Amino acid sequence: MIPFVLTFLLALFIYLLLTAGSGGLGFWSPSELVAGVALSLLTAAVARNLLCRSRDLRMANPIRLLLIPVYILGPFLLEVTKANLDVAYRVITGKIRPGIIRVQSGLKTDLGIFMLANSITLTPGTITVDIDEKSHDLYIHNINVPRGWESRPQVQDKELFSMANLPAWIRRIAE
Amino acid sequence: MIADILVLACLSVGLFFNTLGIVGLLRFPDVYTRMHATTKMTTFGSVFTALSVIIYGAAQFLGTGDGQYITLSLHTLIAAIALAFTNAVGSHAIARGAHKAGIKPVPAVVDRLEEYTP
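Protein chains in written order, with my numbering: chain V, 443 to 617; chain E, -2 to 115.
Be careful, since some hints might not be right.
As the list claims (entries may be wrong) - In silico DSS-like links for lysine-lysine, alpha-carbon gap of 25 Å or less:
#1 V:Lys576 x V:Lys524
#2 E:Lys101 x V:Lys550
#3 V:Lys576 x V:Lys600
#4 E:Lys97 x V:Lys524
Claimed, not checked - So the derived list for chain E, only partly shown, Cβ under 8 Å to chain V, looks like this:
#5 Phe14
#6 Leu17
#7 Arg31
#8 Lys37
#9 Phe41
#10 Ala85
#11 His96
#12 Ala98
Because the hints were derived from the structure by calculation, they are not lab data. All values derive from a computational prediction rather than experimental measurement. Every residue gets a Cβ at the ideal spot worked out from N, C-alpha and C, and that includes glycine.
When you get a sec, could you build the whole thing from the sequences and use the hints?
What follows is the structure in structure tokens.
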């Protein structure tokens, strides 16, 4: 029952987002509302076991969901801006020191690893190349390996980020 | 008036980063360093061009009160979010596929993934 309701609410939310402005003054016309509810019920009936496959409902907590936009607009945007200026500098000057290093992450859930891997790909001059499925360590390609890191067997995840502690944010959201 | 300036500023920043992304694609030596330029800089630049469309739509809605501009802004917002996600996931897939296919990072100080055996 709970997976059905959650899938219905998510589908209805996305439908309303896509059809906003169909009625007067930027709101929804009645026909769009009826069609949205009907289609969301159908979607929920078909796909209720796909969204909540793990039967773990911790992401239905509204505080965690509200933290995601805060995370993206706050520390993540700061790191993205810094990373882009850094890569722009390296494109213009050509000063690179690339290498693949192993990063130890303390995250355990799939969603946490997913968020950390994508955050690493978009932020500090690094790209996630592969993931060790057992120990949840990440292999990342770093465009400018700091001096001394090439001899270390692995690096802690928070050492990659200089301005905000993104792994701690992800741990708070996803675990 | 202010909205026009903001739209032009966002477009300029977006075009600047997109151009540098293409320059990096041509300049960097191997596939992994090229992924850096194409992933980060084109995502950042495209988010800024999308932001200029969102600002334009919001300003037009406040000026005219026509609902279609809200639709324009919201659809562009969804497109920007989808672009950021798919760009990150796709570049990870390309980098992983390249390493599995045996392409070495040619100028590299260290390659820990090569020593790894599952």
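Consistency of the hints with the structure:
no., hint, verdict
1, V:Lys576 x V:Lys524, "32 Å, violated"
2, E:Lys101 x V:Lys550, "30 Å, violated"
3, V:Lys576 x V:Lys600, "20 Å, holds"
4, E:Lys97 x V:Lys524, "31 Å, violated"
5, Phe14, "6 Å, holds"
6, Leu17, "5 Å, holds"
7, Arg31, "10 Å, violated"
8, Lys37, "5 Å, holds"
9, Phe41, "5 Å, holds"
10, Ala85, "4 Å, holds"
11, His96, "6 Å, holds"
12, Ala98, "12 Å, violated"
Checked against the numbered hints listed earlier, the structure breaks hints 1, 2, 4, 7, 12; every other hint is satisfied.
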